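**Q** Please work from the sequences and hints to get the whole structure.
As they're listed, the protein sequences go chains G and F. Sequential numbering from 1 applies to the first sequence in this note's numbering. Sequential numbering from 1 applies to the second sequence in this note's numbering.
For the record, the hints were derived by calculation from the structure and aren't laboratory data. Don't take every hint at face value.
The list cannot tell twin chains apart, which means a pair is met if one copy fits it or any two copies do.
What the hints assert, rightly or not - Restricting the straight-line Cα-Cα distance to at most 20 Å, the calculated cross-link-like pairs of lysine to aspartate or glutamate (DMTMM-like) are:
#: 1; residue 1: Lys115; residue 2: Asp448
#: 2; residue 1: Lys115; residue 2: Asp227
#: 3; residue 1: Lys266; residue 2: Asp277
#: 4; residue 1: Lys264; residue 2: Asp277
#: 5; residue 1: Lys288; residue 2: Glu351
#: 6; residue 1: Lys115; residue 2: Asp457
#: 7; residue 1: Lys288; residue 2: Glu390
#: 8; residue 1: Lys247; residue 2: Glu211
#: 9; residue 1: Lys247; residue 2: Glu307
#: 10; residue 1: Lys115; residue 2: Asp373
#: 11; residue 1: Lys24; residue 2: Glu43
#: 12; residue 1: Lys247; residue 2: Glu365
In this text, all values refer to a predicted model and were calculated from it rather than measured experimentally.
There are 2 protein chains.
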Amino acid sequence: MRETTRVGDSYFLSLREGARLTPKGADQMALHFGGRTSTFRCESSANLQALRQLGGEGGFEDRLAQQVLAAEGPEGLASFYYYIGLLSQRCLLRRSLLADDRPLATLIPISSSFKYAPQELEPDREYRLSRFAFMRAEDSETTLESPLSHARVVLHDWRATALVHDLARACRPADASDPIPIPEDTAARLITLLLQAGMLTDETPSLRSWEFHDLLFHSRSRLGRHDLPIGGTYRFVDELPPPLALKPAASGDSIPLYRPDLEKLKREDPPFACVQDARRSIRDFAAKPITLRQVGEFLYRVGRVTEGFTSDVPTPGGSVVMDFARRPYPSGGAVYELELYLAVRACEGLETGLYHYEPRTHRLEPISGRTDDLDGLLSVASVSAGIAGEQLQVLIVITSRFQRVSWKYAATAYALTLKHVGVLYQTMYMVATAMQLAPCGLGCGDADLLARAIGTDYYEESSVGEFLLGSIGGSDEGSEGH
Amino acid sequence: MRETTRVGDSYFLSLREGARLTPKGADQMALHFGGRTSTFRCESSANLQALRQLGGEGGFEDRLAQQVLAAEGPEGLASFYYYIGLLSQRCLLRRSLLADDRPLATLIPISSSFKYAPQELEPDREYRLSRFAFMRAEDSETTLESPLSHARVVLHDWRATALVHDLARACRPADASDPIPIPEDTAARLITLLLQAGMLTDETPSLRSWEFHDLLFHSRSRLGRHDLPIGGTYRFVDELPPPLALKPAASGDSIPLYRPDLEKLKREDPPFACVQDARRSIRDFAAKPITLRQVGEFLYRVGRVTEGFTSDVPTPGGSVVMDFARRPYPSGGAVYELELYLAVRACEGLETGLYHYEPRTHRLEPISGRTDDLDGLLSVASVSAGIAGEQLQVLIVITSRFQRVSWKYAATAYALTLKHVGVLYQTMYMVATAMQLAPCGLGCGDADLLARAIGTDYYEESSVGEFLLGSIGGSDEGSEGH
Numbered sequence: 001m002r003e004t005t006r007v008g009d010s011y012f013l014s015l016r017e018g019a020r021l022t023p024k025g026a027d028q029m030a031l032h033f034g035g036r037t038s039t040f041r042c043e044s045s046a047n048l049q050a051l052r053q054l055g056g057e058g059g060f061e062d063r064l065a066q067q068v069l070a071a072e073g074p075e076g077l078a079s080f081y082y083y084i085g086l087l088s089q090r091c092l093l094r095r096s097l098l099a100d101d102r103p104l105a106t107l108i109p110i111s112s113s114f115k116y117a118p119q120e121l122e123p124d125r126e127y128r129l130s131r132f133a134f135m136r137a138e139d140s141e142t143t144l145e146s147p148l149s150h151a152r153v154v155l156h157d158w159r160a161t162a163l164v165h166d167l168a169r170a171c172r173p174a175d176a177s178d179p180i181p182i183p184e185d186t187a188a189r190l191i192t193l194l195l196q197a198g199m200l201t202d203e204t205p206s207l208r209s210w211e212f213h214d215l216l217f218h219s220r221s222r223l224g225r226h227d228l229p230i231g232g233t234y235r236f237v238d239e240l241p242p243p244l245a246l247k248p249a250a251s252g253d254s255i256p257l258y259r260p261d262l263e264k265l266k267r268e269d270p271p272f273a274c275v276q277d278a279r280r281s282i283r284d285f286a287a288k289p290i291t292l293r294q295v296g297e298f299l300y301r302v303g304r305v306t307e308g309f310t311s312d313v314p315t316p317g318g319s320v321v322m323d324f325a326r327r328p329y330p331s332g333g334a335v336y337e338l339e340l341y342l343a344v345r346a347c348e349g350l351e352t353g354l355y356h357y358e359p360r361t362h363r364l365e366p367i368s369g370r371t372d373d374l375d376g377l378l379s380v381a382s383v384s385a386g387i388a389g390e391q392l393q394v395l396i397v398i399t400s401r402f403q404r405v406s407w408k409y410a411a412t413a414y415a416l417t418l419k420h421v422g423v424l425y426q427t428m429y430m431v432a433t434a435m436q437l438a439p440c441g442l443g444c445g446d447a448d449l450l451a452r453a454i455g456t457d458y459y460e461e462s463s464v465g466e467f468l469l470g471s472i473g474g475s476d477e478g479s480e481g482h
Numbered sequence: 001m002r003e004t005t006r007v008g009d010s011y012f013l014s015l016r017e018g019a020r021l022t023p024k025g026a027d028q029m030a031l032h033f034g035g036r037t038s039t040f041r042c043e044s045s046a047n048l049q050a051l052r053q054l055g056g057e058g059g060f061e062d063r064l065a066q067q068v069l070a071a072e073g074p075e076g077l078a079s080f081y082y083y084i085g086l087l088s089q090r091c092l093l094r095r096s097l098l099a100d101d102r103p104l105a106t107l108i109p110i111s112s113s114f115k116y117a118p119q120e121l122e123p124d125r126e127y128r129l130s131r132f133a134f135m136r137a138e139d140s141e142t143t144l145e146s147p148l149s150h151a152r153v154v155l156h157d158w159r160a161t162a163l164v165h166d167l168a169r170a171c172r173p174a175d176a177s178d179p180i181p182i183p184e185d186t187a188a189r190l191i192t193l194l195l196q197a198g199m200l201t202d203e204t205p206s207l208r209s210w211e212f213h214d215l216l217f218h219s220r221s222r223l224g225r226h227d228l229p230i231g232g233t234y235r236f237v238d239e240l241p242p243p244l245a246l247k248p249a250a251s252g253d254s255i256p257l258y259r260p261d262l263e264k265l266k267r268e269d270p271p272f273a274c275v276q277d278a279r280r281s282i283r284d285f286a287a288k289p290i291t292l293r294q295v296g297e298f299l300y301r302v303g304r305v306t307e308g309f310t311s312d313v314p315t316p317g318g319s320v321v322m323d324f325a326r327r328p329y330p331s332g333g334a335v336y337e338l339e340l341y342l343a344v345r346a347c348e349g350l351e352t353g354l355y356h357y358e359p360r361t362h363r364l365e366p367i368s369g370r371t372d373d374l375d376g377l378l379s380v381a382s383v384s385a386g387i388a389g390e391q392l393q394v395l396i397v398i399t400s401r402f403q404r405v406s407w408k409y410a411a412t413a414y415a416l417t418l419k420h421v422g423v424l425y426q427t428m429y430m431v432a433t434a435m436q437l438a439p440c441g442l443g444c445g446d447a448d449l450l451a452r453a454i455g456t457d458y459y460e461e462s463s464v465g466e467f468l469l470g471s472i473g474g475s476d477e478g479s480e481g482h
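**A** Right, here's the structure in full:
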């Protein structure tokens with residue numbers, strides 16, 4: 001211990017909620033968390049006692065360290081810090097800053113990469129909250145997280161949150177708290193904790209062009225710097241019924257579509273390497289539009305249900321009966337959450353309007369004729385593609401029935417959906433190329449507008465991709481297109 | 001106006017920063033924002049005066065309304081609310097809550113769908129911050145946003161932020177402020193503003209399985225409910241040089257790869273419809289592993305540079321010279337930000353280890369042999385695929401050189417990258433199927449671990465996708481695989 005540290009000024013250490021340490025025999029401790037138990041050896045009785053206190057009501061780091069030091073000297077103390085490091089690396093150690101015996105803020109590691117290090121504030125340096133740090137309410141508490149950080153901070157006290165507010169502006173430690181009713185030295189200790197947690201990180205060149213929502217998403221939808229459940233956890237299996245494989249067919253009339261002869265295609269299609277080599281984005285559509293028959297063949301080859309089945313799927317806690325509806329492209333876990341809508345401006349044999357593709361019966365379900373919403377969708381697409389609106393023939397809008405994925409997959413649900421959208425784009429590109437049609441994937445669309453146009457709840461089903469399809473016009477030299 | 005409203009208790013209205021209203025002739029106003037000007041007719045002199053005040057120092061809504069009502073009666077007042085609605089719909093109207101003449105919080109619409117409505121708090125109802133609402137620092141201010149909301153709230157005063165802290169726990173309006181030094185009626189008015197902004201929204205069934213990072217990302221990477229710049233804005237063109245099309249080749253030895261005869265493949269490949277029909281995820285790899293020659297052909301058909309060129313690209317403010325390197329799959333704006341790495345456990349002719357694929361020279365650059373990091377990558381992949389680690393042959397890890405996309409594209413950069421990953425997955429599936437290899441796309445990986453293993457800055461380049469490749473074993477009945 002450094003001599004400048006006063007006892008009781010250090011962090012109050014405790015185990016994370018749900019974690020337990022129990023003695024096992026004379027010289028071992030068992031660590032229980034998340035249904036798992038791991039055992040480690042501890043031959044030092046002073047450390048056993050310190051660990052028992054940690055696993056019970058907790059204790060100040062310096063006091064625990066002093067007890068161990070008094071009983072077993074520097075060697076015992078080294079072991080103490082080894083155990084503290086071990087618990088921290090396993091994301092089980094909470095470090096709380098107390099003021100007047102009440103917790104102000106608690107630092108909790110959320111990945112094994114979190115490195116705790118003592119820090120000293122420089123009184124004349126200005127500190128500032130990173131633009132990537134964010135506060136939100138979770139389980140009735142205010143938490144502070146950041147995709148730059150391998151830790152989470154729980155802000156127990158409104159004065160702590162108020163201090164974080166003040167750090168939106170760069171300020172010296174002595175100026176941060178004014179006029180929040182918090183003692184200056186307590187404020188300084190809180191700023192130190194925020195610094196240790198990685199919330200006051202400076203901007204580096206590689207962060208310059210990252211946007212908040214992008215970096216948060218990258219950090220949370222992949223492993224490495226969070227402690228969220230991830231992957232096929234089926235966490236809603238006991239709360240919500242499995243979302244259906246297919247949207248119920250609409251009432252009302254629907255339009256049957258042409259079905260190509262698949263066996264003939266398997267004999268007569270160009271070789272795969274030819275299709276791959278010939279594939280390109282084409283934005284130059286012909287004056288004579290695509291036909292309903294071509295649209296039928298395209299949708300059949302891209303999106304029809306190839307196989308429907310029901311399966312008893314194993315889950316972490318048992319199994320669940322789910323229905324499935326495969327399509328002609330791959331989908332993680334065979335969830336197939338994507339739906340296809342056609343915003344038609346010009347197609348021979350099909351009225352201008354908005355349609356839903358029903359993939360089981362291979363039919364189009366009319367939603368509306370020409371409306372302001374349809375014009376809006378086509379207009380956004382023409383801007384996104386950089387071509388005149390009169391050029392458009394068929395805009396295919398891809399939606400996701402989000403719950404089909406998020407009911408099963410934790411943390412990765414939306415990332416999986418966007419990968420599926422990419423899979424579908426490439427499938428559309430290849431099929432359009434094989435059919436000598438003009439394909440062009442788009443970069444963005446309006447999800448609120450689409451939900452309104454098709455009459456869905458934005459959170460249940462809204463758009464995640466857009467693709468233009470038409471008949472091929474003259475030469476297309478879109479030099480930097482897809 | 002309702003009689004219960006006291007003058008000065010209403011919101012203080014002003015124009016958003018950067019917006020200006022100027023008179024044009026005797027009966028028109030010109031509205032300037034973001035480099036654009038729109039003109040609207042206003043024949044009422046009382047409204048002209050009110051609008052001038054709005055465009056100047058601003059004013060309390062009730063006072064402005066009373067002035068118009070006194071001068072021109074109910075008809076003038078109706079016009080006043082029409083203009084207020086117009087400015088609000090265009091996201092140009094700020095509504096501020098003042099306490100002691102200083103702004104406490106300001107509500108700013110961020111989409112044309114924002115609907116402002118008077119609200120009354122119910123004294124016995126409990127209010128609570130939505131788990132989707134979040135606060136962060138931006139431009140030295142603390143903002144409160146939510147993917148459920150079409151508005152943003154700026155929290156000017158630390159007491160406002162402290163009150164938001166208290167709303168992490170459901171509480172009645174009278175209990176929310178205690179012990180924050182803020183008068184109870186002011187706290188109630190702030191809670192009303194948060195309610196109007198959509199920050200206290202209740203959870204609906206369709207929100208149940210959404211995670212915060214997913215919904216935030218969906219709302220911000222697509223049009224509809226934000227006012228961020230979006231699409232190919234080239235916003236860093238004057239600050240940062242364009243990121244290079246290709247990673248500089250590594251020094252040291254590299255391994256030349258087999259190049260297939262593309263013309264022969266274009267004659268002899270199976271028809272496209274056959275490949276599409278035969279494609280499936282295969283997790284059952286043969287005991288005899290894939291060969292280096294197969295890996296070479298696979299990478300050549302999936303990822304080589306097919307064309308390199310330099311182009312003078314138009315930007316909103318002029319043009320910029322960029323280099324490009326096309327691959328055999330589509331990429332938005334031809335940015336091609338994805339890199340391929342091979343984590344090899346078993347491949348005939350190639351040592352176990354980690355390699356980078358150099359797509360211009362079609363060579364493998366060795367990074368490391370068998371290390372803990374390599375074992376870690378293979379271990380995460382085997383868990384993700386649900387197969388034993390000894391089964392693995394080649395794990396292909398896809399990274400993104402993020403800046404190549406985010407330098408050009410705003411709001412949609414990471415979404416675009418994930419679509420590209422999906423495009424690449426499907427390209428890999430098809431090529432592997434044509435080559436009679438076993439392909440299997442994975443759902444997740446560890447981005448921090450990969451960055452460490454290849455020695456890159458996580459924010460410059462880390463992993464966004466994983467794919468298994470091997471030789472085909474016995475029958476594979478992965479019933480719900482891709």
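**Q** Decide, hint by hint, whether the structure agrees.
**A** Quick rundown of the hints versus the structure:
Taking CA atoms no more than 20 Å apart as the test, lysine 115 paired with aspartate 448 passes between copies only; the shortest distance there is 14 Å, against 42 Å inside one copy. For a Cα distance limit of 20 Å, the shortest separation of lysine 115 from aspartate 227 inside one copy, 15 Å, qualifies, whereas the shortest one across copies, 37 Å, does not. Taking the shortest alpha-carbon separations for lysine 266 and aspartate 277, both the intra-copy value of 19 Å and the inter-copy value of 8 Å come in at or below 20 Å. In this homomeric assembly, lysine 264 and aspartate 277 come within 20 Å of each other (Cα to Cα) only across copies, at 13 Å, whereas the closest approach inside a single copy is 22 Å.
In this assembly of identical chains, the alpha carbons of lysine 288 and glutamate 351 lie at most 20 Å apart only when taken from the same copy (15 Å versus 56 Å across copies). Proximity of lysine 115 to aspartate 457 under the C-alpha cut-off of 20 Å is restricted to the inter-copy arrangement: shortest distance 17 Å between copies versus 43 Å within a copy. For a Cα distance limit of 20 Å, the shortest separation of lysine 288 from glutamate 390 inside one copy, 12 Å, qualifies, whereas the shortest one across copies, 57 Å, does not. Taking the shortest alpha-carbon separations for lysine 247 and glutamate 211, neither the intra-copy value of 35 Å nor the inter-copy value of 23 Å comes in at or below 20 Å.
For the homomeric pair lysine 247 and glutamate 307, the shortest alpha-carbon distance inside one copy (15 Å) is at most 20 Å, but the shortest distance between copies (43 Å) is not. Taking the shortest Cα distances, lysine 115 and aspartate 373 sit within 20 Å of each other only across copies (19 Å), while inside one copy they are farther apart (52 Å). When the C-alpha separation of lysine 24 and glutamate 43 is checked against a cutoff of 20 Å, the pair qualifies only within one copy, where the shortest distance is 11 Å, while the shortest distance between copies is 86 Å. In the homo-oligomer, the alpha carbons of lysine 247 and glutamate 365 lie at most 20 Å apart inside one protomer (12 Å), although the nearest pairing across protomers, at 48 Å, exceeds that limit.
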